[in-house]
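Put chain B on the given structure of chain A with help from the hints.
2 protein chains.
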Amino acid sequence: MEKKSIRIGQAVTDYYFGGGLKQLATVTDKRHTVVLTDENLYGIYEKQLKGWKTIVLPPGEAHKQQSTVDGVMNQLIGAEADRKSTLVGLGGGVITDLAGYIGATYLRGIRVGFIPGSLLAMVDASIGGKNGVDVGVYKNLVGTIRQPSFLLFDAALLQSLPENEWQNGFAEIIKHACIKDAAMFRELEATDIAGYRKNKKALAALLRRNALLKTKVVQKDETEQGDRKLLNFGHTLAHALENLFQLSHGEAVAIGMAYASEISASELGFRQAERVKRVIAQYGLPTKLSFDPDPVFDILKHDKKRERDSLHYILLERIGKGVVHTLPLTTVKKIIEQIS
Amino acid sequence: MEKKSIRIGQAVTDYYFGGGLKQLATVTDKRHTVVLTDENLYGIYEKQLKGWKTIVLPPGEAHKQQSTVDGVMNQLIGAEADRKSTLVGLGGGVITDLAGYIGATYLRGIRVGFIPGSLLAMVDASIGGKNGVDVGVYKNLVGTIRQPSFLLFDAALLQSLPENEWQNGFAEIIKHACIKDAAMFRELEATDIAGYRKNKKALAALLRRNALLKTKVVQKDETEQGDRKLLNFGHTLAHALENLFQLSHGEAVAIGMAYASEISASELGFRQAERVKRVIAQYGLPTKLSFDPDPVFDILKHDKKRERDSLHYILLERIGKGVVHTLPLTTVKKIIEQIS
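Residue numbers (my numbering), protein chains in the order written: chain A, 1 to 340; chain B, 1 to 340.
Extracted from the complex, chain A is given alone in its bound form (with noise of 0.2 Å):
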């Protein structure tokens, strides 16, 4: 097991890659522990988890609100977790979402680890210390952003999931890849799904060459000033669509990519849109779909991104640059109309 230790901001995070769950009890101390996980979780893992305190919710984004704080505030009292205690989250975003901000908060802040449980969580949703829950229809509407005192990642929990979720955690490296990594962006023009399910060391590769990419946009700028801005890249369109139509966060994200794609064509001269419809075409994901402008305007005009009638919305200068670009609200939405 390699393990790396990162400073963002005040905080340092220990990465542990290569090894898997059972090395859990030599990165913090089982008497002191709380793991919070997911059923499906559990049940593919019970054995594993067997002499660890454990906090076991019901799957899915559903739960990721509120009053699934509270409970798990109140077990975390009666396991009588203290200042000294650790909260590991075990699952995907929703799960380290829920764990980070619960041990951001409970007692003030106690130490968080996390073993992101999906392919997506590991790329991206347990790196940078964004956490939260929804409120209504709004996502992430409460949260912190603090930095977890341990990442620890298992590749070996990918195994069990279903083809959509390798889809949707995809859709964040084909981003990595697009906004700040040609070499990769080649690597993965070179293969596919089943060829990374196949070759377990190429997959290890990237999950750490992924992890490492988002640190370090994160470190260079934490609380999103700058450069952390560029891993909205497709997800601006991406909010608005998830809220309209039954996508998933991948197939939504894949579409805003493509867009976003066309759009730098239009504004910037960006000359290889095609090359990121076809990449992300062969990861099994959507490059288009046919809407209504109006409603999804209608939600980009809430963006939290927003400005005035103006978005930041992130474009290609070329494979491996992205930028950050202020476009008024009518240009973005003329070029999604010639688009769609």
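Read the hints as simulated data drawn from the structure, not as lab findings.
Mixed in with the good hints there might be a few duds.
Just some of the chain B residues that point at chain A, by a computed CB distance under 10 Å [stated by the list, open to error]:
1) N74
2) I77
3) T105
Cross-link-like lysine-lysine pairs, in silico, DSS-like; alpha carbons within 27 Å at most [said to hold, decoys possible]:
4) K139(A) with K84(B)
5) K321(A) with K216(A)
6) K334(B) with K301(B)
7) K220(A) with K30(B)
8) K200(A) with K4(A)
9) K333(B) with K301(B)
10) K139(B) with K288(B)
11) K301(B) with K30(A)
12) K84(A) with K301(B)
13) K301(A) with K84(B)
14) K84(B) with K229(A)
15) K47(A) with K84(A)
16) K301(B) with K53(A)
17) K139(A) with K53(B)
18) K84(B) with K333(A)
19) K84(A) with K84(B)
20) K334(B) with K229(B)
21) K3(A) with K198(A)
22) K198(A) with K47(A)
23) K30(A) with K47(A)
24) K30(B) with K84(A)
25) K333(B) with K84(A)
26) K4(B) with K84(B)
27) K201(A) with K216(A)
28) K84(A) with K50(A)
29) K84(A) with K229(B)
30) K288(A) with K139(A)
31) K139(B) with K53(A)
32) K30(B) with K301(A)
33) K3(A) with K53(A)
34) K301(A) with K334(B)
35) K3(B) with K216(B)
Now the stretches of chain A that chain B is said to cover, found in silico as 3 or more residues with beta-carbon under 8 Å [as the list claims (entries may be wrong)]:
36) 71-80
37) 103-109
38) 126-137
39) 143-154
In this text, a Cβ means the ideal position worked out from N, Cα and C, and glycines have one as well.
Just chain B now, kept in the frame of chain A:
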């Protein structure tokens, strides 16, 4: 109005002394500000709050809980508060604790300012960034440590306070004098509450002195690893007594300080316990309580500052010099049994 900008950790807080509520508009943009207050203060200052967006809560510690937070979150959404908004807490410790916590988590943190509305809040509760809510019998179980962007001190807000609120505030002022400021202790010996109520200039200077004294302690030790612990002088026993008996916070702290002075005499040869008790009595506060030690020690056993069978207890070496002392619970119990 005097402005003083003070860095604590990564944050800078602007302190405004000698101003008033009506200067709020010079400190924050009215259009992008929401004022959180309680019915008592709103009743008194309704006129001055005209034109400000306000959220008004019922008064009292009973409302310092998550369900209140949830309600305020929804009101902030309704008021279209966004990342550029400021939340101002106008009130005593309950309001500043709620406003600090809500502001730390709404949209993962918006700008927060406090206008402390009680003497206790001015010299203590509003300073240092600790915020939160109670969970059942557990005080401040959930919260964060996050510094406000500004503190606006309006001594005129004190005029409407009842006598027991003045006593609550002076308990913390006496505490500050005991642990850090022998000169202020002598000033306190030379006057009383009636004296400060009459002498506005001396009162304003006392407020400023105490706000800056606490700030300096917090500045050195935001997360309570060392010096900040001194602020618990009188508070370990006080928390237990408050739980069991109908005492105000000031009364409980006063008794706690008197007993801690006796323990200081017995453990450290502190010779001025009588002077401490005299000044406590001079400000209308009790120095003694008859109680059965057993239930009190059951609570002390669960104190957050406990480590195994010892307590971090704050004692006095001399007036103006508090020290952290590790005492076996049995020793504390024996001394308190002798006194009571």
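Hints, one by one, checked against the model:
For the restraint placing N74(B) at the interface with chain A, the shortest Cβ-Cβ distance is roughly 7 Å, inside the 10 Å limit, so the hint holds. Satisfaction of the interface hint for I77(B) is found here, the shortest Cβ-Cβ separation to chain A being roughly 7 Å, below the 10 Å cut-off. Here the hint on T105(B) is kept, as its CB sits about 5 Å from the closest CB of chain A, short of 10 Å. Under the criterion of a C-alpha separation no larger than 27 Å, the hint pairing K139(A) with K84(B) is consistent with the structure, at around 18 Å.
Between K321(A) and K216(A) the CA atoms are separated by roughly 15 Å; this keeps the pair inside 27 Å, and the hint holds. Under the criterion of a C-alpha separation no larger than 27 Å, the hint pairing K334(B) with K301(B) is consistent with the structure, at around 15 Å. Distance restraint check for K220(A) and K30(B): the Cα-Cα separation of roughly 33 Å exceeds the 27 Å cut-off, and the hinted pair is therefore not satisfied. For the suggested pair K200(A) and K4(A), the alpha carbons sit about 21 Å apart, so the restraint of at most 27 Å is met.
Restraint check for K333(B) and K301(B): the C-alpha separation of about 11 Å stays at or below 27 Å, so the hint holds. Restraint check: the Cα-Cα separation between K139(B) and K288(B) comes to about 24 Å, which is no more than 27 Å; the hinted pair holds. The suggested pairing of K301(B) with K30(A) holds, with an alpha-carbon distance near 23 Å, which does not exceed 27 Å. Between K84(A) and K301(B) the CA atoms are separated by roughly 16 Å; this keeps the pair inside 27 Å, and the hint holds.
As the CA atoms of K301(A) and K84(B) are separated by approximately 16 Å, the hinted pair is consistent with the 27 Å bound. Only pairs whose Cα atoms come within 27 Å are accepted, and K84(B) paired with K229(A) is accepted, the gap being roughly 17 Å. Pair hint K47(A) plus K84(A) holds up; C-alpha atoms about 26 Å apart against a cutoff of 27 Å. In summary, the hint linking K301(B) to K53(A) is supported, as the alpha carbons are separated by about 23 Å, within the 27 Å threshold.
Under the criterion of a C-alpha separation no larger than 27 Å, the hint pairing K139(A) with K53(B) is consistent with the structure, at around 25 Å. With a C-alpha separation of about 25 Å, the suggested pair K84(B) and K333(A) falls inside the 27 Å cut-off, and the hint holds. For the proposed pair K84(A) and K84(B), the alpha carbon gap of about 36 Å is over 27 Å, so the pair is violated. Only pairs whose Cα atoms come within 27 Å are accepted, and K334(B) paired with K229(B) is accepted, the gap being roughly 23 Å.
Taking the CA atoms of K3(A) and K198(A), the gap is about 25 Å. The hint holds against a cut of 27 Å. In summary, the hint linking K198(A) to K47(A) is supported, as the alpha carbons are separated by about 26 Å, within the 27 Å threshold. A distance of roughly 15 Å separates the Cα atoms of K30(A) and K47(A); the hinted pair therefore holds under the 27 Å criterion. At most 27 Å may separate the alpha-carbon atoms for a hinted pair to count; K30(B) and K84(A) exceed this at roughly 43 Å.
Proposed proximity of K333(B) and K84(A) is supported: the alpha carbons are some 25 Å apart, at most 27 Å. Annotation: proposed proximity of K4(B) to K84(B) holds, straight-line Cα distance about 23 Å (limit 27 Å). For the hint linking K201(A) to K216(A), the alpha-carbon distance of about 22 Å falls within 27 Å, and the restraint holds. For the suggested pair K84(A) and K50(A), the alpha carbons sit about 21 Å apart, so the restraint of at most 27 Å is met.
Annotation: proposed proximity of K84(A) to K229(B) holds, straight-line Cα distance about 17 Å (limit 27 Å). Pair hint K288(A) plus K139(A) holds up; C-alpha atoms about 24 Å apart against a cutoff of 27 Å. For the given pair, K139(B) sits about 25 Å from K53(A) by alpha-carbon distance, which is consistent with the 27 Å threshold. The suggested pairing of K30(B) with K301(A) holds, with an alpha-carbon distance near 23 Å, which does not exceed 27 Å.
Of the pairs offered as hints, the one joining K3(A) and K53(A) holds, with about 25 Å between alpha carbons and a cut-off of 27 Å not exceeded. Straight-line distance between C-alpha atoms of K301(A) and K334(B) comes to about 67 Å, which puts the hinted pair past the 27 Å bound. Restraint check for K3(B) and K216(B): satisfied, since their Cα atoms lie roughly 16 Å apart, inside the 27 Å limit. Using a Cβ-Cβ cut-off of 8 Å, 3 residues of the stretch 71-80 of chain A lie near chain B, which meets the minimum of three, so the contact claim holds.
Here the stretch 103-109 of chain A counts 6 residues with a CB under 8 Å from a CB of chain B, which clears the bar of 3, and the coverage holds. Counting residues of the stretch 126-137 of chain A whose beta-carbon sits less than 8 Å from any beta-carbon of chain B gives 4, enough to reach three: the coverage restraint holds. Restraint check on the stretch 143-154 of chain A versus chain B: 3 residues with Cβ-Cβ distances below 8 Å, three needed, restraint holds.
Hints 7, 19, 24, 34 from the earlier list are contradicted by this structure; the remaining hints agree with it.
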